[in-house]
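2 protein chains.
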Amino acid sequence: MTTTPIKSVDWEVFVAALVGVEVIVDAAQVAKLSQDYHTFSPILQRQLAGKVGDIVVRPATEAEVLQVAAVCAKYRVPVTVRGAGTGNYGQCVPLHGGVILDMSRMQRIPWIEAGIARLEAGVKLATLDKKARVSGWEIRMAPSTYRTATIGGFIAGGSGGIGSITYGQLRDRGNLLALKVVTIEDEPRVIELRGDDVQKVNHAWGVNGIIIELEIPLAPAYPWVEIIVTFDDFMTAARFGQALGNADGMVKKLITVFASPIPSYFTALRQYIPDKTHAAFLIVAESCLELLPGLIQEYNGKLTYQKSAQDVGKGVNLGEFTWNHTTLHTRSVDPSITYLQSLFPTDKSLQTVEHMFHHFGDEVMMHLEFIRVNGTVIPAALQLVRYTTEERLNEIMRYHEANGVFIANPHTYIIEDGGRKQMDPEQLKFKQMVDPYGLMNPGKIRALMTQ
Amino acid sequence: MTTTPIKSVDWEVFVAALVGVEVIVDAAQVAKLSQDYHTFSPILQRQLAGKVGDIVVRPATEAEVLQVAAVCAKYRVPVTVRGAGTGNYGQCVPLHGGVILDMSRMQRIPWIEAGIARLEAGVKLATLDKKARVSGWEIRMAPSTYRTATIGGFIAGGSGGIGSITYGQLRDRGNLLALKVVTIEDEPRVIELRGDDVQKVNHAWGVNGIIIELEIPLAPAYPWVEIIVTFDDFMTAARFGQALGNADGMVKKLITVFASPIPSYFTALRQYIPDKTHAAFLIVAESCLELLPGLIQEYNGKLTYQKSAQDVGKGVNLGEFTWNHTTLHTRSVDPSITYLQSLFPTDKSLQTVEHMFHHFGDEVMMHLEFIRVNGTVIPAALQLVRYTTEERLNEIMRYHEANGVFIANPHTYIIEDGGRKQMDPEQLKFKQMVDPYGLMNPGKIRALMTQ
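These protein sequence lines map, in sequence, to chains B and Y. Per UniProt numbering, residue 1 is the first one in the first sequence, and the count goes up by one each step. Per UniProt numbering, residue 1 is the first one in the second sequence, and the count goes up by one each step.
Errors might be hidden in some of the hints.
A pair holds if it fits inside one copy or across any two, identical chains being indistinguishable in the list.
Okay, derived cross-link-like pairs now, BS3-like style, lysine-lysine, Cα gap no bigger than 30 Å in a straight line [to be verified]:
1) K32 / K429
2) K130 / K276
3) K348 / K51
4) K314 / K302
5) K302 / K429
6) K348 / K421
7) K74 / K131
8) K51 / K32
Because the hints were derived from the structure by calculation, they are not lab data. Just so it is clear, the structure is predicted and the values come from calculations on it, not from any experiment.
Please take these sequences and the hints and turn them into a complete structure.
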């Protein structure tokens, strides 16, 4: 497999070969579409500065994708696939220029049936959600960017989100039913993967074929209520989150716990969260509402905000302050802040959370997202870090790992150095088949650099 | 509180006071309605032999229940409330005669709204399920007796069932929203309990007021598929069950695992389960179907039976062979067999299951029901026991307890000696208020015997 693609191309000839397909050559627009939200990381910001594609191609149909793939293969041009570019790992930033393949025009939803949707990769999560709700369903999980993010981008680069408290992570068996990808070969093919075979492409950062269509399971659309509960003590807030997570009779889609002063960065919500208090942001089914006060009281919490199911869509949307939107809102006030991504060990007494909370104090502000992992509710975390130096940031991450906290390092664009640690051999094998020239997002896989 | 009720009553006068309410005095019918399925236990069979009520009263409305309660209070007559009498703990058998209060005529369903149903105590679970499905919902959990069992009886005496793999147990916060009970006093009252207050009556075996109406949360009605998988090795079957339970992306409502020779007792299913194989009975959402083969293969299982969602209601219903219907079917072939009720400790490697399986061999045949307890999937079990003596049965239960297995002894009619161990002080307090003369199901609570 070629790892450093040939890249001496006459772009006029190249574009001419793409006749009929939308192409953007305007430098400012190309630069914009070569970006994602890796800027949350000062490390990636430095490493990826100035990296841009040569042109943007925006296919609207499978036939057009096949056409683009053939032309890219012919001219050995690197291809960086993107959806809305809401990711945070630089996976939409091309290291070696080439084509930015913007999938956001592929917006068909062929069908939504009882509990399953078939859709093209460029469909926005919010659009699918709205359509599915007509028949009583909704998406199982969503990133905080769900108004703009596409399903293809979410599957390629996401791990979970709002809904993971019930359905686990995107890569868990059952959360993705089928994928259709286009290969980048002299004669590109369309390959449909079903069942466990989807794992060959799932969460592979767009290096394993161009995802053009997906089949995903849906969740029942409950009437949801959004709630803020405040606490005087952080660990009590965290334990409340764990207890609600463990309550099998309570249907929920979000349990987020913020240590003070994180909520103070949410300007729109300051009236509901007194200074120096810690907060839990919850999305629960309406049927749980009468049961919450008892649980809140057990943990000395105070319900300060409640938006009923009928008012969904009005006013603020709590989900948009959670997951990595927490980092977004915080950085819009203080851009020197960065973040971690971590998964605490299975321990319902939350001892490691408590240790880290006290050990780092204000330098690492605790932001817990409770999710289900392998059948058990545990806290994931996107802690906010008051950044000083790269060395200190690495030290913080190493300390977590030494204490049993799994770190999915968001300060690297190398896939193996992030959450994956090691490329799945099946994925590598599949990559060799669908991308024989190594054109897809080159430079992001360590395993291919040493060949 | 009086614990041995006064019982010198002129039944003609008594019945005359019940004018307008349906009363059964025919001895054969009264004897029949004084029974439940405690006969699964040779101990209870002996202890409760010959225990019958004096008359059966069958109220159809709240007003009639109030009338009955007033008359019972006036004459200090014991009241044993029953639904369909499908329980197994003798809780429908009166120790001191009196009135059998049959609630099965109270069948109104005032409303079913998004995710919640309000219904009278005598509604059969299958009836509610059918009605709820019209609007896309169904009951969250059901006993294997769900075709005949009533919701009032299930809440009063049940612990969980088909569906508990997702929603936990009936007593878990969130699985019961409201209860309306009638007190047995000189001037009976109607009391509505909501939120956490429902726990004053939930799972209290009909001793804490006459449950007349309930509000319960519903579950989304997925298209369900029924499946049998067979295995050559029992522990592999058990580990498969645990793995499916842990798979957060797979929506399921039943994971039952039977050790050989249990499936050989299911005459209707013998063609699907070869001799000497162990079997998993599953009910999973249709959207999981393509993902199951991969998981089955990992555990060397063999899919031998599959009933699609469209065929639900046709042919055999796998759920009817699980939970305590396993015991029913087995005893219909070999009435000398009895059973245990237990909950294994949280341990995803299933070491205690393995130990018990080998330790007792064929004497205690393993029947696992995976359920969620406090946010984690663990195996409950209703092991089948080749009964020899009461002493040996007790020894078997003590051995389990000594090894960390929780036993809800189904061979006693004393509430505290079963699953509860100790009466909840809140429940006792509530009992004193709603049943000041101690007329409800007297003799079943140890805490009241010593007063």
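Going through the hints against the structure:
Taking the shortest Cα distances, K32 and K429 never come within 30 Å of each other, neither inside one copy (33 Å) nor across copies (68 Å). In this assembly of identical chains, K130 and K276 lie within 30 Å of each other by CA distance neither inside one copy nor across copies; the values are 37 Å within and 51 Å between. Taking the shortest alpha-carbon separations for K348 and K51, neither the intra-copy value of 44 Å nor the inter-copy value of 47 Å comes in at or below 30 Å. For a Cα distance limit of 30 Å, the shortest separation of K314 from K302 inside one copy, 23 Å, qualifies, whereas the shortest one across copies, 51 Å, does not.
Taking the shortest alpha-carbon separations for K302 and K429, only the inter-copy value of 28 Å comes in at or below 30 Å, while the best intra-copy value is 53 Å. In this homomeric assembly, K348 and K421 come within 30 Å of each other (Cα to Cα) both inside a single copy, at 26 Å, and across copies, at 25 Å. Taking the shortest Cα distances, K74 and K131 never come within 30 Å of each other, neither inside one copy (39 Å) nor across copies (61 Å). In the homo-oligomer, the alpha carbons of K51 and K32 lie at most 30 Å apart inside one protomer (11 Å), although the nearest pairing across protomers, at 83 Å, exceeds that limit.
Checked against the numbered hints given earlier, this structure breaks hints 1, 2, 3, 7; the rest are met.
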